[in-house]
Amino acid sequence: MSAVAEVIPLAREEDIVTARQRAREISRELGFGAVDQSRIATAVSELARNVLRYAGGAPGDVRIRALDGPSPERVGVEVVVHDEGPGIPDVHAALRDGYTSSGGLGLGLPGARRLMDELTIDTAMGRGTTVTMRKWRR
Amino acid sequence: MSRIPVIRVEDVLIATVIEDVTDSDAVALQSELGHQLEARGAKGVLIDLSVVGIVDSFLGRVLAVVATMSRLLGAPTVIAGIQPAVAVTLVELGVRLTGVRTALTSDAGMRMLREGRVGRHVGRR
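Sequence lines, in order, name chains A and B. So the first sequence is residues 188 to 325, counted in our numbering. So the second sequence is residues 24 to 148, counted in our numbering.
Simulated from the structure, these hints should not be mistaken for lab results. Hints may contain errors.
[As the list claims (entries may be wrong)] Just the calculated beta-carbon pair ranges, DEER-fashion:
#, chain 1, residue 1, chain 2, residue 2, range
1, A, Val278, B, Leu95, 33 to 41 Å
2, A, Gly218, B, Val50, 32 to 40 Å
3, A, Thr205, B, Val88, 45 to 53 Å
4, B, Ala110, A, Thr205, 22 to 30 Å
5, A, Pro246, B, Arg119, 55 to 63 Å
[To be verified] Covered stretches of chain B (in silico footprint by chain A; criterion: 3 or more residues with CB under 8 Å from a CB of chain A, positions within the stretch not fixed):
#, stretch
6, 60-71
7, 74-84
8, 98-111
None of these values were measured; they are calculated from a predicted model. The beta-carbon is built from N, C-alpha and C at its ideal position, and this holds for glycine as well.
Please build the complete structure, drawing on both the sequences and the hints.
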């Protein structure tokens, strides 16, 4: 599998389904087990929904690519979820369980962080949000 | 129009969630079950998740709401066929299916509802 990222645009609700299904398929191709496939796909689903819910219709996408680790058996997957929305005003609050500004469960970001090995957020008011998540094959 | 039909068998409302379920499909299912319970009641609600490989917090919340709503309307909900990987993910994600009864298969779930083995546990919380 090449390290070229597959890009899934996020514009409509159906795109959440496409993004999570592709995430699962790519994880499977990379040799992740069933539980990790579910974890990765679910994390993608949470963040893709966040883009549609919070980015106010601004363009967004999900990029998924394979990662080469330090050794051949150390394979990973990287998911970058980006939007051109207003940005997250309080990242620390957004990472807390139960924090929501939309009446949801508030599990999106904190849940995705638990499901993946690494999660970093790059956001600034007016400059959009980029969440980068990685998971390594055990 | 929901892509998840609700059928009635032996007075149990049955729905099989589709693999590519969208948020709208889930909300439409919730509202369809609500309408049917309000109009005619039911002995129970059986939701089959066996073909669903990914359950995120949105779908998880809808399932919890359906279970609570149906209990208030006198019909316990059983969720059948949750895949093991989905179960692990839901726990780690932090989705609590409080008050939801589960069964390994729809067949087992149907038996639970038919024999009234669900209602006994449900008001206990």
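Quick rundown of the hints versus the structure:
Checked against the given bound of 33 to 41 Å, the beta carbons of Val278 (chain A) and Leu95 (chain B), roughly 38 Å apart, stay inside it. Checked against the given bound of 32 to 40 Å, the beta carbons of Gly218 (chain A) and Val50 (chain B), roughly 36 Å apart, stay inside it. Between Thr205 (chain A) and Val88 (chain B) the C-beta distance comes to about 25 Å, which lies outside the given range of 45 to 53 Å. For Ala110 (chain B) and Thr205 (chain A), the Cβ-Cβ distance of about 24 Å falls inside the hinted range of 22 to 30 Å, so the restraint holds.
In this structure the supplied range 55 to 63 Å is violated for Pro246 (chain A) paired with Arg119 (chain B), their Cβ-Cβ distance being about 34 Å. Counting residues of the stretch 60-71 of chain B whose CB lies closer than 8 Å to any CB of chain A gives 0, which falls below the minimum of 3, so the coverage claim is violated. Residue count for the stretch 74-84 of chain B with a Cβ under 8 Å from a Cβ of chain A: 8. That meets the three needed, and the coverage hint holds. Coverage of the stretch 98-111 of chain B by chain A holds. Counting CB-CB distances below 8 Å, 5 residues qualify, and the rule asks for three or more.
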